Amino acid sequence: MAIAQEDDQVLKAEYGKFALTNAKIYTVTKGVIENGTLVINNGIIEAVGANVQIPNDAKVIDVAGKEIYPGMIDGGTTLGLNEIGSIAEAQDYREYGAITPQMEALTAVNPNAVTIPVTRVSGVTTVWTMPQGGVLPGTAAAINLFGYTPDQMYAGQRGIVMNFPSTAGGRRWRRLSEDEIKKRQERAMKEINETWDKAELYAKIENAEDVRNYPEIEALVPVVKGETPIFIEVNAAQDILNAIEWIKGRGYKQVVLTGVAEGWRVADEIAESGYPVIAGPVQAIPTRSSDSFDAAYANPGIMSKAGVKVALRTMDNENARNLPYHAGFAAAYGMGKEEALKAITINAAEILGVGDQIGSIEVGKKANFFVSTGDPFETATKITDLFIDGYKVPMTSRHIRLYDEFLNRATGVDKTKPAIEIKKK
Amino acid sequence: MKTKNILLSLLLVLCTSAFAQEAPKGDVLFKGGTVLTITNGALENTDVLVRDGKISRIGKGLRAPNGVETVDITGKFLMPGIIDAHSHIAGSAINEGTSQVTAEVSMEDVVDPYDVSIYRALAGGVTSIHLMHGSANVIGGQNETMKLRWGQTDPDMLRFEGAPRTIKFALGENPTRGARARGIQPQSRMGIEMMLRNSFSEAQEYEKRWKAYNASKDPKKVAPEYDLRMQTLVDILNGEVLVHCHSYRADEIYMLLKVFSDFNIPRLTFQHANEAYKVAPELAAFGATASVFADWWAYKLEVYYSTAYNAAILHENGVLTSINSDSGELIRHLFHEAAKTQKYGNLSDDEALAMITLNPAKQLGIDNRVGSIEVGKDADIAIFDNHPLSIYAVPQMTFVDGVKYFDINNDKADQRIYIDPESSIEEVTLFEKMDYNHRCMEGAAIFFGQNLINHQH
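Keeping their order, the protein sequence lines are chains H and P. Residue numbers for the first sequence follow the numbering used here, so the first one is 1 and each next one is one higher. Residue numbers for the second sequence follow the numbering used here, so the first one is 426 and each next one is one higher.
Derived from the structure by calculation, the hints contain no laboratory data. Keep in mind that a hint or two might mislead.
Once the Cα atoms are required to be at most 27 Å apart in a straight line, the calculated BS3-like pairs of lysine-lysine come out as [to be verified]:
| id | chain 1 | residue 1 | chain 2 | residue 2 |
| --- | --- | --- | --- | --- |
| 1 | H | 337 | P | 837 |
| 2 | P | 479 | P | 456 |
| 3 | H | 382 | P | 501 |
| 4 | H | 305 | P | 456 |
Quick caveat: nothing in here was measured; it's all calculated off a predicted structure.
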């Protein structure tokens, strides 16, 4: 459905009081309301139910025949930090240096990135955008996909990203021997332990008089104190076990494991640890050539069934809009529709520490939701309306505008033929 | 003695021809499913009989002849095996990037039957692929159309016998990047156009020299030098080799239409063609076709101004369009990619499915053999438990020439047919989009921006 601009009219987001009526509402946490009304006021969900009083001054939107879902949340992207993959100048998620946890993804987000509207018109309203590379690449942030400054987009959570040393081979053409891998691991763990030892020491002495300015270590202190979560990127099975052991040894309280591509191999251990996970991409090839073809598709379902709290991510940028299809594949290969929907709504919100604000349609939560023609996992379903942070966001993006211009393009002038025939006398 | 020798040699010839390999062909009766014919609508509760690798009957209440196995597909969906018109799986090398024109090389020499990606593609309902040369050069090597007969270790057994010859061309950032790294032409789109025109002109002169030599009755005539590269270009000019051109920007697509017009080459397929929608009327007027991504964009400057509605716009403007993967990951869910034309566009079920069956078959010149469920066509068939355009569709079985190569109920995890005895550790490879998926530039670019790590198309 390409609802785009007419001529030079620029559609602007609207704010205020709205009532969406005759909708099938998937609250996610409180069941499905077959035929209900959703009232929002100044960014907050004021009422939702089958028999809700519609305020006189609300703008009424009749969505009969359609469905309402909480805005989808992508648990891992570089959205807003990168516009064109092949151009170094367009990339802002990777800073030089292995230990740079103080780098803030939030401030570097480009709120006007073309990729943002393209993503939100597919119903993804919030993403976790992450620095990449090195050991401690920086501080990730949750952002809503509407706002003119990073602060306006900020969705309420930041977290330290840590890339746990990997035993995985990585490149096809680089094969390290077991010894070499072990040595690499030991060196990496030594560096990591030294860094966190410093952080723990700094936490004790930071209020002393002559403590020097040490941004890399200062950024880690909130994790030591349990105030900020740490997101540990770890994928190979043995690495996941090593990471769990390391974290238990350190005793940090707020921990999330991300990636967990081989989580299915150690699902019970992850469940036992109590740590939640952000898994994905689901549409990915198996980590080993000996694995079943559907290892990545089935991964989230296996972990979920073992008792792990699972959120999903695309680990994409310009195609974070495909989040519902990653979830759809997870659903089809063992997770089930209900759990898969939770994985991209309430679970993701709770794991990102903003479960009291978004992730479900409940009174008091923020108005982050979309209206669709049907099951958002089904590819042919179209999104017709979008609310982010209480703003009714126009359903337009550069892709839609290009569709409107070129579906039936102006013919243009054919210069091979004369414009007018001049008759010779 | 002489007769003995003759008899012996005859025997030898007979023996070797008896061992001359033919692709295995099967017989099977599929009963009671929804048959998505592509050309004749969706037939419910219908049977399909396969004899000797060909579809022999489509109808209701068919009975299995003696010795023919019946496969019950009640409640399931049967469609033509999916055809990926742009693939780099099953190839041990992708780019001969040492020159900007390498028409003489061919992917048939680097087919790797041991690539487990073949099996994984079968598990996604794919039966045929167009194994393409990379995009490092303006005129690349010849491609190989293949059938995914997993388990065959002789590369020749994976050929799609009788498929027309095709060749890879490339425009835009990939070839210019390679040339910039080497300090040669073409480093701009201007240079690419002239390299094409120059190559075709030289080929025409080469052909003239040979024609003159062949026609000459001079007993002392000397043959011109034989040049396989030039000969291949001559074959292209004479319409014997179908050109598939990697391209993105609308202006370079238009440029190639003009070049092909000038050299009288009527058939042309643009690959990727992210901006083809901007020149859809021109493409339709020429009769050129497009093989595109469902929604990939923004990984390079030349795809920054794309739209996911590309396939739908082309289709509505009368351009024959297919959807391809160019990826060992995406190939496994092309049925899902095709459905995106119903999200980014309003294509019908048959139109969407044609994007991954009949349309690529036409672009590869194999539509007389595959691409739809019709009597007489090859029994390349994929069975799904739900309608293939549904996100919940899980491929159940995949057949090539009536032989089953994938069965989800008989699918052991480790499908490798060769394990390197010298490998000491089980290699775990993480989802790095570059490594497994996008090989178009592999081995070609000497230097590229660090951010090409994510996509190399």
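For this session: For the pair we were handed, residue 337 of chain H and residue 837 of chain P, check the Cα-Cα distance against 27 Å.
Result: 26 Å, holds
Exercise. Given the hinted pair residue 305 of chain H and residue 456 of chain P, is their alpha-carbon gap at most 27 Å?
Worked result: Distance ~35 Å between residue 305 of chain H and residue 456 of chain P Cα, so the pair is violated.
Exercise. Can the restraint linking residue 382 of chain H and residue 501 of chain P be considered satisfied, given a maximum Cα separation of 27 Å?
Worked result: 26 Å, holds
For this session: Assess, step by step, whether the Cα of residue 479 of chain P is no farther than 27 Å from the Cα of residue 456 of chain P, and give holds or violated.
Result: 16 Å, holds
In terms of the numbered hints stated before, the structure departs from hint 4 and from no other.
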